[in-house]
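Listed below are the residues making up each chain.
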Amino acid sequence: DAGVIQSPRHEVTEMGQEVTLRCKPISGHNSLFWYRQTMMRGLELLIYFNNNVPIDDSGMPEDRFSAKMPNASFSTLKIQPSEPRDSAVYFCASSVYGTDSSYEQYFGPGTRLTVT
Amino acid sequence: GESVGLHLPTLSVQEGDNSIINCAYSNSASDYFIWYKQESGKGPQFIIDIRSNMDKRQGQRVTVLLNKTVKHLSLQIAATQPGDSAVYFCAEAFTGGGNKLTFGTGTQLKVEL
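Quick note, the sequences are listed as chains A and B, same order. Residue numbers for the first sequence follow my numbering, so the first one is 1 and each next one is one higher. Residue numbers for the second sequence follow my numbering, so the first one is 117 and each next one is one higher.
Okay, chain A solo, but in the shape it has when bound (with noise of 0.2 Å):
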C-alpha cells in the first residue's frame, strides 16, 4: 500500500518566492496534519484538517503559510512570499478520524525547503 506521498521531496528557492507543497494522504484517511520539523524548534503542528475541514490552525506562523485540502485525496501547503527562516522539512502526515485509531499518524517522507 503506498504511505503518504509528498511532493517535492526538495525544494530550493529565493527569498521572495512562492512555494507550494503537495500532500497526497493515506486512502480512506480523513484527517491530515502539516508539520514543520526544525533544529530549533524541533517537530511542529503547523494546521490539521479532519473530513477537509481545517480544525485547528493555531501553528500557522503567519499570514504567509496558508493550507487547502480540497478534497479528501490532497492538500496543499503554501508560503507566499517565503523567506530564510522558513527552511525546514515540512512533513505531513495522516489518520483514521473517529475511530480508535485516531491519533495514529501516518507521517509522509517530508519536504526539505531551503530558503535562500
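These are calculated hints, taken from the structure and not from any lab test. Just so it is clear, CB atoms sit at the ideal spot from N, CA and C, and this is done for glycine as well. There may be inaccurate statements among the hints.
Straight line, CA to CA, 30 Å or less: simulated DSBU-like cross-link-like pairs of lysine-lysine [claimed, not checked]: (1) B:K172 / B:K187; (2) A:K78 / B:K158; (3) B:K158 / B:K172; (4) B:K158 / B:K226; (5) A:K24 / B:K158; (6) A:K68 / B:K158; (7) B:K187 / B:K226; (8) B:K187 / B:K158.
Quick look at which bits of chain A chain B covers, simulated, 3 or more residues with Cβ under 8 Å [unchecked claim]: (9) 47-58; (10) 83-95; (11) 99-105.
Got chain A; can you put chain B on it based on the hints?
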C-alpha cells in the same frame, strides 16, 4: 550568525543491551501517548501507544511504561540492534480536545557495535 539548535539528549548503548528512553510530558489532562521513531532522512514512524487507563503496554521488543503521577513516560527496547539507531519522540494527546498530537523534543539513540 550561528544558529542554536535544540539539545537532543543522546543515549548510547551497546548492541544487545536493553535501552530505556524517558519522556516527561507537560499536560496533566493528556490521556493518550505514542512513541515514534525517526530515522535519518525519514518521517516519524509509529512504534507503540498507551492510554492513560494503563500503566504498561508491550509490543515486539518494546515496552512503554506510563506514570501519570509524575507525568513520565518511558520506552524500553529489548536487545537493542543497530537498526534501532534513530531519534525517538514521545507524543501526547488529550482525547477530549481534538485528535492532534503534541510532540516532545526527542532522544537520539546510538547503538554501538
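Original post:
Which numbered hints does this structure break?
Top reply: Going through the list in order, the structure violates no hint and respects every one.
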